[in-house]
Structure formats: structure tokens, C-alpha cells
Amino acid sequence: MLADKPMKQLDLNLLKVFEALYIERNMTQAAKVLFVSPSAISHAVKRLRESLGDELFVRKGSNMEPTSSCRQIAPEIIDLLAKLRSVLQSCGEFELAQSHQTFTLAIHEALEALVLPSIQEAVAQQAPFAQIKSVKLNRENVARQLSNRQVDVVIDVARALKMPIKHLPLSDDNFAILMSKQYAPNKKMSEAEYFERKHIAVSNRSDGNVVEDIAFLQRGLNRKIQTRCQNYHTAKALLAGNDYLLTLPSMIAKELVDDSLVIVELPIQLPKIATHLYWHQNTEQDPAIQWLRDVVHTAFISR
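With full-length UniProt numbering as the guide, the letters of the sequence shown map in order to residues 1 to 303.
Treat the hints as calculated values from the structure; they're not laboratory data.
Certain hints may be false.
Unchecked claim - When the alpha-carbon atoms are kept at most 30 Å apart in a straight line, the in silico BS3-like pairs for lysine-lysine are as follows:
no.: 1; residue 1: Lys162; residue 2: Lys32
no.: 2; residue 1: Lys32; residue 2: Lys136
no.: 3; residue 1: Lys133; residue 2: Lys83
no.: 4; residue 1: Lys198; residue 2: Lys181
no.: 5; residue 1: Lys224; residue 2: Lys198
no.: 6; residue 1: Lys133; residue 2: Lys188
no.: 7; residue 1: Lys272; residue 2: Lys254
no.: 8; residue 1: Lys224; residue 2: Lys254
no.: 9; residue 1: Lys272; residue 2: Lys133
no.: 10; residue 1: Lys83; residue 2: Lys162
no.: 11; residue 1: Lys187; residue 2: Lys198
no.: 12; residue 1: Lys16; residue 2: Lys162
no.: 13; residue 1: Lys16; residue 2: Lys60
no.: 14; residue 1: Lys166; residue 2: Lys272
no.: 15; residue 1: Lys16; residue 2: Lys181
no.: 16; residue 1: Lys162; residue 2: Lys187
no.: 17; residue 1: Lys181; residue 2: Lys254
no.: 18; residue 1: Lys136; residue 2: Lys60
no.: 19; residue 1: Lys254; residue 2: Lys136
no.: 20; residue 1: Lys133; residue 2: Lys187
no.: 21; residue 1: Lys16; residue 2: Lys83
no.: 22; residue 1: Lys198; residue 2: Lys166
no.: 23; residue 1: Lys187; residue 2: Lys224
no.: 24; residue 1: Lys46; residue 2: Lys16
no.: 25; residue 1: Lys136; residue 2: Lys83
My request is simple: use the sequences and hints to build the entire structure.
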């Protein structure tokens, strides 16, 4: 049972530690999120335990698992902290030209090169003292990264994320084939030829089907994966002098194509790839994040 103590006896700064540890379940990771040392986290947890009269977190291996009392109060505390941040951020008039804010967006590396230059240009022109930070997309943690403001917005394929995460469609794209001109067909590639050729698959996961193969399998089709690599720039290098096929979104193909490569129409109709912008509802009325969402949206529609 949590102790019944006056709020004045509880250092409210400790609640940030509570939030980070509850989300990360690991003292080292919580320390990284808050830019403090693990010993500072440990000391803060000790003070929290004394203030609230509960163990709060119990060590299990390298993890810190919340107690039942901790689980009971955590959602409300995290929600109240999010609302408090929103209130404080809206205090005073937002002046874009004078803002020193750092805007953090999580984006798949394949899309980063396509839109980050436009986003950076808008920041440089409209908010010259602000900074833009692009970080690696972590799909498993999108909701919590937006909730605790580790990132301001996320750019990713369309996904079924529930409230309080909100989203906006950015683009719909078709798949295309990128290949060496040396091995390009004289005419439109046939479906039979496509499945006879060897393919390069791109994924930062060690195994599992990539997006296009999931669509193929749903139609009972299977292609020959010769090589699997982590990014499209590596895949492009693998095309040189080889008769491999690289299937990818057409806007990425247009970015990668050069004099030695050619873009060929995919002979199979696949569902389009939808890209969406995601943010937390607590930042819905934040003028700085509203501006960032507009900048990202413009970067896509202007392509």
C-alpha cells in the first residue's frame, strides 16, 4: 500500500525517473533517456521508495519489474506528466524565428535521404536557431517514444496504432524494379521472367519476410532471394555487374538510379506502400510540433 504522505514531501523531479524506469524497465536505459548516470537513477529510486512507501520496482535479471502498486499508479502519473509538459510548452507565445528547440524525428533510413534535406532547408530558413535530429526508427517502441517525448514525430509505413497516437497520410507509392542496364529486358518484363531471376532483399531485421514478399506469399508466389542486406545503398552496389533484381518503392528507386541502372515496371500488381506521419495527441496543440508536422507534410507532397 502506498504511503499517505503530503505532496510537499515528494520531489516532483523524481517522477521523471519513475516514468523513465517504468517505460524502459532497465536502470541503464532509463539513465540514457534522462542523460544521467545509472547511480543517479538508483539513488532516485531509493528516494521514491522512501517517499511512497513501496518497493515500486523489483530486480529480475537485468530488468526492473514494477510491483502491483506501481502498475496501478503508473498510467495516471505518466499521463499527468505528459499533460504538464504540454502545458509548460504552450506557456508564452511560440516564436519560430527565435526558437532554439531541437526537433527529433524517427524515420526509416530509406526515407531519410529523400525528405531530410527538404526538412533541414525549411528549418534553416524559418527557424535558424533550431536544430533537427533524425534518429533510427524503432517500430516496437514508437508509442512509448512519442509518449515520453524521446521523439516528436515518427515517419513510417501505415500501421495500426491506437490513440493517443495520431497520424496523417503522407504518400502512396508503387513498387518498381531497379536493375543493371546490362541485364535489362528489351521489352516489358514478364511475370515469369521476374520469378526466374535472382533477387536482393533489403531489411534491417535478421530474418522474416520483407514487405513485398508478404504480398507475394498472400498470392501463393515465391521468389529466389540471392542476397539479403540491411539498406538500399548496399543493394544498389550489389547490382553492379550482376543480373539481380531489386524490388523497392519507386520514389527510392528514382533516388538511387544512375547511368548504369534502369528502373523497370513491376509485372505484378501489389498493394501500394502508404507512408504516414505519427505524433502523440498531447502535442496536438503544441505550435512547435504543429509547425514540424507541416514541414514534414510539405517535404513529401513537394517530391
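Status of each hint after checking the structure:
1. A distance of roughly 27 Å separates the Cα atoms of Lys162 and Lys32; the hinted pair therefore holds under the 30 Å criterion.
2. Of the pairs offered as hints, the one joining Lys32 and Lys136 holds, with about 16 Å between alpha carbons and a cut-off of 30 Å not exceeded.
3. The straight-line distance between the Cα atoms of Lys133 and Lys83 is roughly 24 Å, inside the 30 Å bound, and the hint therefore holds.
4. Distance restraint check for Lys198 and Lys181: the Cα-Cα separation of roughly 16 Å lies within the 30 Å cut-off, and the hinted pair is therefore satisfied.
5. Under the criterion of a C-alpha separation no larger than 30 Å, the hint pairing Lys224 with Lys198 is consistent with the structure, at around 5 Å.
6. For the hint linking Lys133 to Lys188, the alpha-carbon distance of about 42 Å lies beyond 30 Å, and the restraint is violated.
7. A C-alpha spacing of about 16 Å is found between Lys272 and Lys254, which places the hinted pair at or below 30 Å, so the restraint holds.
8. At roughly 24 Å between alpha-carbon atoms, Lys224 and Lys254 fall within 30 Å of each other, so this suggested pair holds.
9. Between Lys272 and Lys133, the direct Cα distance comes to roughly 29 Å. Compliance with the 30 Å bound is thereby established for this hinted pair.
10. Restraint check for Lys83 and Lys162: the C-alpha separation of about 18 Å stays at or below 30 Å, so the hint holds.
11. The straight-line distance between the Cα atoms of Lys187 and Lys198 is roughly 19 Å, inside the 30 Å bound, and the hint therefore holds.
12. For the hint linking Lys16 to Lys162, the alpha-carbon distance of about 24 Å falls within 30 Å, and the restraint holds.
13. With a CA separation close to 22 Å, the supplied pair Lys16 and Lys60 stays within the 30 Å bound.
14. Straight-line distance between C-alpha atoms of Lys166 and Lys272 comes to about 21 Å, which keeps the hinted pair within the 30 Å bound.
15. This hinted pair does not check out: Lys16 and Lys181 have alpha carbons roughly 56 Å apart, beyond 30 Å.
16. Straight-line distance between C-alpha atoms of Lys162 and Lys187 comes to about 45 Å, which puts the hinted pair past the 30 Å bound.
17. Between Lys181 and Lys254, the direct Cα distance comes to roughly 15 Å. Compliance with the 30 Å bound is thereby established for this hinted pair.
18. Proximity of Lys136 to Lys60 is assessed by CA-CA distance (about 28 Å); at most 30 Å being required, the pair is judged to hold.
19. At roughly 23 Å between alpha-carbon atoms, Lys254 and Lys136 fall within 30 Å of each other, so this suggested pair holds.
20. For the hint linking Lys133 to Lys187, the alpha-carbon distance of about 44 Å lies beyond 30 Å, and the restraint is violated.
21. The hinted pair formed by Lys16 and Lys83 meets the criterion: a straight-line CA distance of about 13 Å does not exceed 30 Å.
22. For the hint pairing Lys198 with Lys166, the CA-to-CA distance comes to about 40 Å; that exceeds 30 Å, so the pair is violated.
23. The hinted pair formed by Lys187 and Lys224 meets the criterion: a straight-line CA distance of about 22 Å does not exceed 30 Å.
24. For a cut-off of 30 Å, the pair hint linking Lys46 to Lys16 stands: about 14 Å separates their Cα positions.
25. Taking the CA atoms of Lys136 and Lys83, the gap is about 26 Å. The hint holds against a cut of 30 Å.
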